[in-house]
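Visitor: Listed here are the chains, written in short residue letters.
There are 2 protein chains.
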Amino acid sequence: MIPTITAFERSPDRGKGLARDMRVRWTLEELGQAYEVRQLSFSDMKQPEHLALHPFGQIPTYEEGDLALFESGAIVLHLAERHSGLLPTDANARMRAIAWMFAALNTVEPPIVERSMAWILEREETWYVQRLTMLDERVRRRLGELSRRLGDADWLDGAFSAGDLLMATVLLRLQSSGIVDEFPNLAAFVARATARPAYQRAFEAQLAVFLQAQSAEVSSPAP
Amino acid sequence: MIPTITAFERSPDRGKGLARDMRVRWTLEELGQAYEVRQLSFSDMKQPEHLALHPFGQIPTYEEGDLALFESGAIVLHLAERHSGLLPTDANARMRAIAWMFAALNTVEPPIVERSMAWILEREETWYVQRLTMLDERVRRRLGELSRRLGDADWLDGAFSAGDLLMATVLLRLQSSGIVDEFPNLAAFVARATARPAYQRAFEAQLAVFLQAQSAEVSSPAP
Chain A
2 MIPTITAFER
12 SPDRGKGLAR
22 DMRVRWTLEE
32 LGQAYEVRQL
42 SFSDMKQPEH
52 LALHPFGQIP
62 TYEEGDLALF
72 ESGAIVLHLA
82 ERHSGLLPTD
92 ANARMRAIAW
102 MFAALNTVEP
112 PIVERSMAWI
122 LEREETWYVQ
132 RLTMLDERVR
142 RRLGELSRRL
152 GDADWLDGAF
162 SAGDLLMATV
172 LLRLQSSGIV
182 DEFPNLAAFV
192 ARATARPAYQ
202 RAFEAQLAVF
212 LQAQSAEVSS
222 PAP
Chain B
2 MIPTITAFER
12 SPDRGKGLAR
22 DMRVRWTLEE
32 LGQAYEVRQL
42 SFSDMKQPEH
52 LALHPFGQIP
62 TYEEGDLALF
72 ESGAIVLHLA
82 ERHSGLLPTD
92 ANARMRAIAW
102 MFAALNTVEP
112 PIVERSMAWI
122 LEREETWYVQ
132 RLTMLDERVR
142 RRLGELSRRL
152 GDADWLDGAF
162 SAGDLLMATV
172 LLRLQSSGIV
182 DEFPNLAAFV
192 ARATARPAYQ
202 RAFEAQLAVF
212 LQAQSAEVSS
222 PAP
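For the protein sequence lines, the chains are A and B, in the order given. Just so you know, this note's numbering puts the end of the first sequence at 224, numbered straight through with nothing missing. Just so you know, this note's numbering puts the end of the second sequence at 224, numbered straight through with nothing missing.
If you're looking for bench data, these hints aren't it; they were derived computationally from the structure. Incorrect hints may appear among the rest.
No copy labels: a pair is met if it fits in one copy or bridges any two.
[To be verified] Straight line, CA to CA, 20 Å or less: simulated SDA-like cross-link-like pairs of lysine to any residue: (1) K47 / R141; (2) K17 / T195; (3) K17 / S221; (4) K17 / I3; (5) K47 / R150; (6) K47 / S148; (7) K47 / V140; (8) K47 / L208; (9) K47 / R143; (10) K17 / H84; (11) K47 / R139.
So here's chain A without its partners, still in its complex pose:
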């Protein structure tokens, strides 16, 4: 059965692949699983039909037969458990890869999202520059810890796993800041991850959606 995920009809990042459907698309591509995408407008996301699937009115969701899931981390874990390739078979190594999934989403991502939210909501405020300096320092400290742990390894713990995949998507959110480049081994980690054919296929698929939305807008301009 081919699962259906949801994604932005018109991603706010303009096709840069930073929306959370990218994590699920990339996972599906790594695992060689076909999928369908239901595109949602911002208005669709707040309708009862979507809220029944996603209590917080976000994307992505995942539907496959009787199963409906939300939260990109849970969807990636579900897929990685069902198909081989993104979690080690050894029980302890499997749990350590899952620990990196949680680390990406609960320890590394929050200060990065806080930094992005400041740009979105506070960049016109008098305090923005002063806060940004503070937020950058907090992100830098966490990336320093991550960089020290990665050392000169290719991936966070053995072979490429769902933990590396999520960590790469989180670090990509810092792309425009230049902060990742201060840590050459993390920049190389991201480059290695995004060079994977599965990442490339997922990236092209989400970009195509954005370009389609953009061209539809050009061909039918507002009255």
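With the hints as your guide, set chain B onto chain A.
Guide: Just chain B now, with coordinates in the frame of chain A:
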């Protein structure tokens, strides 16, 4: 084999049970598993020995034979997978409970932590009051969505699960703000969760550590 977790020797919340070891203690109590605790000072947490266990120099960690884990979410998941009681046996219901674990840690907790961090780092800044209003609104919106989904159910999806446990610990971090009380069903959810004997035992255990540290300090004052 009895696992060992790490916790603060002297919790910064002064024994209120808001540190992340509480999630693991509570889980172990729900599952009826004995455990040992290695207490760490703030200085211990940044030493190479602890950083080998936890790349970000935080608590809790979990050691059991050959397995060493960090990230409270991963530790709770590991325990819930190994012992019955905190995850449904039905495969789909199990994944939905895991989705609530991720929702607690990646969707509900971040704006709550951002609010706490503002109090810790920015409360002397001129912008603090204005930002706090904004942060409260963001937390309120998310709690509104959670409240709507919970409705008049006891727990988020069927029987009490690891997802409810993590969500309750996240909501407890808002205790002093009064925001949870604006949503009577969420306040009742937290009350129901914290009334569980396993929560009570875990709470007492972490409080005892704090009281011990405090009394040690009183009996040997700084020179």
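Visitor: Where does the structure disagree with the numbered hints, that is, which hint numbers, in rising order?
Guide: Going through the list in order, the structure violates hints 3, 4, 8 and 10 and respects the others.
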